[in-house]
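Undergrad: So you can see what is in the structure, the chains are spelled out below.
4 protein chains.
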Amino acid sequence: MGVMRLGFVQVRVTDMEAAKSHYIDALGLEKTAEVDGRLYLKGWDEWDHHSVVVEPGGAGLVKMAFKVDQEEDLSELEKRIEAYGLPVRRVHRHEDYAVGEGIVTTLPSGHVLQLYHEIEVLGTRTGRLNPDPWPDDARGMAAPRIDHLLVTAENPGQFTEFFTKVLDFKISERVVPQAGSDEILGAWLYRTNTPHDIAVIPGPNGKLHHFAFWLDNWQDVLRAGDIMAKTGIPVDIGPTRHGITRGTTIYFFDPAGNRNEVFSGGYITYPDFPCITWTADELGKGIFYIQRELNDRFTTVLT
Amino acid sequence: MGVMRLGFVQVRVTDMEAAKSHYIDALGLEKTAEVDGRLYLKGWDEWDHHSVVVEPGGAGLVKMAFKVDQEEDLSELEKRIEAYGLPVRRVHRHEDYAVGEGIVTTLPSGHVLQLYHEIEVLGTRTGRLNPDPWPDDARGMAAPRIDHLLVTAENPGQFTEFFTKVLDFKISERVVPQAGSDEILGAWLYRTNTPHDIAVIPGPNGKLHHFAFWLDNWQDVLRAGDIMAKTGIPVDIGPTRHGITRGTTIYFFDPAGNRNEVFSGGYITYPDFPCITWTADELGKGIFYIQRELNDRFTTVLT
Amino acid sequence: MGVMRLGFVQVRVTDMEAAKSHYIDALGLEKTAEVDGRLYLKGWDEWDHHSVVVEPGGAGLVKMAFKVDQEEDLSELEKRIEAYGLPVRRVHRHEDYAVGEGIVTTLPSGHVLQLYHEIEVLGTRTGRLNPDPWPDDARGMAAPRIDHLLVTAENPGQFTEFFTKVLDFKISERVVPQAGSDEILGAWLYRTNTPHDIAVIPGPNGKLHHFAFWLDNWQDVLRAGDIMAKTGIPVDIGPTRHGITRGTTIYFFDPAGNRNEVFSGGYITYPDFPCITWTADELGKGIFYIQRELNDRFTTVLT
Amino acid sequence: MGVMRLGFVQVRVTDMEAAKSHYIDALGLEKTAEVDGRLYLKGWDEWDHHSVVVEPGGAGLVKMAFKVDQEEDLSELEKRIEAYGLPVRRVHRHEDYAVGEGIVTTLPSGHVLQLYHEIEVLGTRTGRLNPDPWPDDARGMAAPRIDHLLVTAENPGQFTEFFTKVLDFKISERVVPQAGSDEILGAWLYRTNTPHDIAVIPGPNGKLHHFAFWLDNWQDVLRAGDIMAKTGIPVDIGPTRHGITRGTTIYFFDPAGNRNEVFSGGYITYPDFPCITWTADELGKGIFYIQRELNDRFTTVLT
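Chains X, E, P and V are the protein sequences, given in the same order. Per this note's numbering, the first sequence starts with residue 177, numbered consecutively. Per this note's numbering, the second sequence starts with residue 177, numbered consecutively. Per this note's numbering, the third sequence starts with residue 177, numbered consecutively. Per this note's numbering, the fourth sequence starts with residue 177, numbered consecutively.
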């Protein structure tokens, strides 16, 4: 009941051809449609029509969309969002290509959030009958699926409150100024059994820090780094491990400057997972466990 | 709402000292209690008091216990189970060591199923404040947590019906006699986002095929195999990959003959995951993808 | 000075088209020539013209050829082989396609051994100027190079004596009947810093047990196993670890029944490496460390 | 014949207790002796008495010592070194603890080079009879052995000439100012089948850039990085991949400021390996393949 997963992120890019080369050839996503100037993409292990939408117009996040479990979750969550004090707009069927009816709101942080239940199901190339574990025609990093996104907000505590109180997310990890404080400087939030479906750190409202693609293991993370070198993709940091989530990672940039991540590993969460707390003095270790310090870009490069 | 995860399996062994050596020294579980002749164990990454209970008395499964999300889920599921036609007994607080009130029933397959919400929380050695990704004092295979169990039933379809209709599990994969058939010869069932929390294949009622411990990666699976060789643990099959779940695996036996598994990998599921179907003629590939044939032990060695 | 490495193995197959599919599409070798009915193959990381020659005519080893360091090594080794009592034949330039002058002898075990220094150098696709670590167009298992071969001999001690005394190989590991015995039941022999370039076990004279291709890591071994399943290649055993050499492995068969191996890992050897001894009662563990027993095929299926 | 391998490096540290904690507890080397204020260390997979000698006195390289294949290689190489114009001093037996007679010279680059044949052999804990693939009591990063060292010289071409002409090393890779140039700005040199046993880059004479320990795989490199974070070891860069050698790596510092490396992977070399050339404009990619740029510390932090 309620939010089931991160469905898709919609981002702006400066150059659609460069974006195709990046997301299709290097990351290995499949193009599922190109309609009205927008590019629709999915990972090889995703069944729904798309998990990434790319459109021209600069850089940054147009919106983030979560898929809900049941059609009726939409009305229930619409009520909750309105009760929280935010206006909700109904999105009609196919207003988004291949996506059913939904609701959309703008968060106090300025991010546009959409919820939907229906989306065209395309299936995967390995299929549903006696499938092989991976497809023969993988390209590039061969990212199987989207994993999560990280955004910035002037008030991360408020952002967290919305996701936990209204959308029933749980907090896996949080950053506080010092031990004993409950002031949220950053929060990692989940609805699934992963360490995070979305996270928030302090920064300007409305900005995207990164969105991440899952890879199956640390060897694939290395291979992804090799492909970044081969194809000239700018690397931000990595390969390394996060303290927060325990995941292994490379941050890198798409040709428009949007930060991407390949992410693998991390623990399993459940609704009773006890929130892990990081104090600000250990944040370097929390973000980049091996290096134990943030690079300047981490807090300043946003789109 | 409802079942949150596989909480613990309770098994019989012939020799408690041998079991300690196996589960504590080789698998690397922590002993959290030894009370009334029973041994309570948990993985290093589990917060609850135990995920395995070992007791003297031969071999086989005493019961399997699932943790539910909310206390009130117990009454709701009690009603559903009774409506399904099975008698339910209330388990009082601390009837099971460290476990709160619960309900228990015997399935038509003869397996004892317990549901509970409350259990003592011991936490982990890495803790909740600026934690390291793994503890310093890992032993043996250092299994972080239990993952799933597989049982046999004379009527796997009925078993599957109970878990899906009464407990809201979903089917990730199933085996049918041939394409187009809906007769369930085996089913892999999930409540979490993993490929399975429990599975069933045809066989005598009341029997255990195996219970499995998670490992983080394929390298750890190799290391586990090395430790089996070093410590003289009988290996059934592996390291290999399952077609069903895509997981990597070694099957092996505890000193009483109960089959264990170390398991890593597999895809992510959600409530809308489309059920994958295997036809009986491809079952060899489904179970052991690389070998593409079952060994005799797979269907005959049960406890 | 002397033998530098295993240069190439020449094997017979029943069906050349099936062999192409196996060695080129599945193993990922490159076809470098097809002349007079013979197929010449090399791995993507090999600089010389070929490391495998395939010809029609059943199954089994036509010959094994080692490359020597200096042209003058040929005369020196010719003398030594003749002094050992074996007739030597001079191979003239291009008697073997792309290969220079050499010498050939038939060992007491019935295996044909060729030594050569000159061979056409084709280079690699990553090249010698600012190279990437791996090529973009890898196919299948993408085996970078040949690693070693294992043959059978009625008198493994004699075989070992030839390689150590005449060709200056060292013994990394050997099997003896029991501790204290010096009777060689099997020997692993090296000229490079690897655990073995060639090995011998008891069996009929003139037979091939397997020849092996290097893979860079255990993850690639799993991937190779997946490709065997996808392409229908018969698997003998694995993925597993050898006790002898510590390497990880899958044994499998080409369409003619010749056994291949993918092999990764193992320790480094030097001329002063102390010979490791396995006693016959521990041979199961020596060959298949995790399973700790030989399958029937290990000693009976030869070509 | 000639140099067999890098035998040991002897380095100065500021604090012997801190060095013990670093090299024994964190890197996992074994202490084999502590005599006259010097600490003798070896990896768990090394048979000889030591591969690292640590002594008090600041930081930097006291000397590097290579083991030769035969006792008579010492006289032969003594002659060659003298013919090259360098004075050679005979080192008498046990002048170095546990080491036999040898020769020592000071290179034009100011580095002290020792050659020896005899050294006490301690063996390994896995032993020579039916050994397990790794010991039970591994500590920390559990480095099995030393791999190579990198030094700086004002004239890298001259340094390279000495190692190739006098000691018969081969060049696996070199850096030149631009394509077509033969001016050596850096060289990677091997006697074994590894990509390098020693390397040189431009910099002050007599300085140490780093010495490296082998790890078996990329997963172990990550684990080493985790241990650096846990134990507070300063990390220079990594985990990443080198373009040159293809190896995976983390650079880090011992408590005295000497740079260490954990290194895994890389290709196999032979005497006929064709030298790979990097042009200065691609050096960033050559050193840190994924990041494609040098950090400042790479060229400035030396001991």
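Be a bit skeptical, because a hint or two may be false.
The list cannot tell twin chains apart, which means a pair is met if one copy fits it or any two copies do.
Here are the simulated DSBU-like pairs of lysine-lysine, each with C-alpha atoms no more than 35 angstroms apart in a straight line [to be verified]:
#: 1; residue 1: Lys-346; residue 2: Lys-406
#: 2; residue 1: Lys-196; residue 2: Lys-341
#: 3; residue 1: Lys-196; residue 2: Lys-255
#: 4; residue 1: Lys-406; residue 2: Lys-255
#: 5; residue 1: Lys-207; residue 2: Lys-346
Just so you know, the hints here were simulated from the structure itself, not pulled from any lab data.
Undergrad: Output the indices of the hints that this structure fails to meet, ascending.
TA: 2, 3 and 4
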